[in-house]
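Protein sequences appear in the order of chains A and B. Numbers given in this note's numbering equal positions in the first sequence, counted from 1, plus 240. Numbers given in this note's numbering equal positions in the second sequence, counted from 1, plus 1.
Please keep in mind that the hints were generated in silico from the structure rather than gathered at the bench. Treat the hints loosely; a few may be bogus.
Said to hold, decoys possible - Pairs of lysine-lysine residues, derived as DSSO-like cross-links and limited to a Cα-Cα distance of at most 27 Å, are as follows:
1. A:LYS316 to B:LYS110
2. B:LYS40 to A:LYS316
3. B:LYS72 to A:LYS281
4. B:LYS44 to A:LYS316
5. B:LYS110 to A:LYS307
6. B:LYS124 to B:LYS72
7. A:LYS341 to B:LYS33
8. A:LYS341 to B:LYS27
9. B:LYS33 to A:LYS316
10. A:LYS316 to B:LYS27
These numbers come from a predicted model, not from an experiment.
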Amino acid sequence: PSQCDLLCSQNYPLYIRSVPTENELKFHYTVHTSLDVVDEKISAMGKALVDQRELYLGLLYPTEDYKVYGYVTNSKVKFVMVVDSSNTALRDNEIRSMFRKLHNSYTDIMCNPFYNPGDRIHSRAFDTMVNSMMMQVC
Amino acid sequence: ENGRCTTKLESMGFRVGQGLIERFTKDTARFKDELDIMKFICKDFWTTVFKKQIDNLRTNHQGIYVLQDNKFRLLTQMSSGKQYLEHAPKYLAFTCGLIRGGLSNLGIKSIVTAEVSSMPACK
């Protein structure tokens, strides 16, 4: 099963990781289309009385091969996770906790004075965290 | 010379504000609108940074907000009146940057200025 994490701000990616790496191009495409769904959900929240307290967006949309999950921070940074559909063992709570970990690590990166907001993320600590998360899942 | 210092301080505050706001909003609910964000700055943000809230928030509902702090922490030890008024901007520059950085990370482009008429209150 393959998975991809992506952080996006202003709709260009700050970080992408996929396992196995051959499918990266297909993931790029999936993730870009899911960004539109994320935007839809956010604007829907503004008008409807949907639960606005959650940062987690839940299952964005299922394609025939993959499930896509989204999460948006208050600073408009979007996290997108693509998981193989055959991986049915993955529960909602686990996805939520993975997004929390991603958010925590992203916050640490933001507070790093040597990091320029908007640059691609080149942090070893971040890589290690993402690797360990993906090992858990795959 | 003086102007360059102030600009540098402001830009340092900007970067710090971006990081701080990321940490503070990590667990808060999504903001509904601009006013919500300003209230957050006045209450939670100001309390965490300066251990007190903003005393007064006014707006013209068209994008201008005036935050008034009657006992601004960085000015309390300087004077309690008009003395040293001309030195105050240096000490306010960093905080202005802090607010601007925080707002920019939340998606709001802004210009932040500070005005002191009588220490230690400032707007």
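Tested hints:
1. A:LYS316 to B:LYS110: This hinted pair holds, its Cα atoms lying about 13 Å apart.
2. B:LYS40 to A:LYS316: holds, 18 Å
3. B:LYS72 to A:LYS281: Roughly 42 Å separates the two Cα atoms, so the pair is violated.
4. B:LYS44 to A:LYS316: Between B:LYS44 and A:LYS316 the Cα gap is close to 21 Å, so the pair holds against 27 Å.
5. B:LYS110 to A:LYS307: violated, 35 Å
6. B:LYS124 to B:LYS72: Given pair B:LYS124, B:LYS72 holds - Cα atoms ~10 Å apart, limit 27 Å.
7. A:LYS341 to B:LYS33: Satisfied, since the Cα-Cα distance of roughly 24 Å is no more than 27 Å.
8. A:LYS341 to B:LYS27: holds, 11 Å
9. B:LYS33 to A:LYS316: holds, 13 Å
10. A:LYS316 to B:LYS27: OK: A:LYS316 and B:LYS27 at ~12 Å, within 27 Å.
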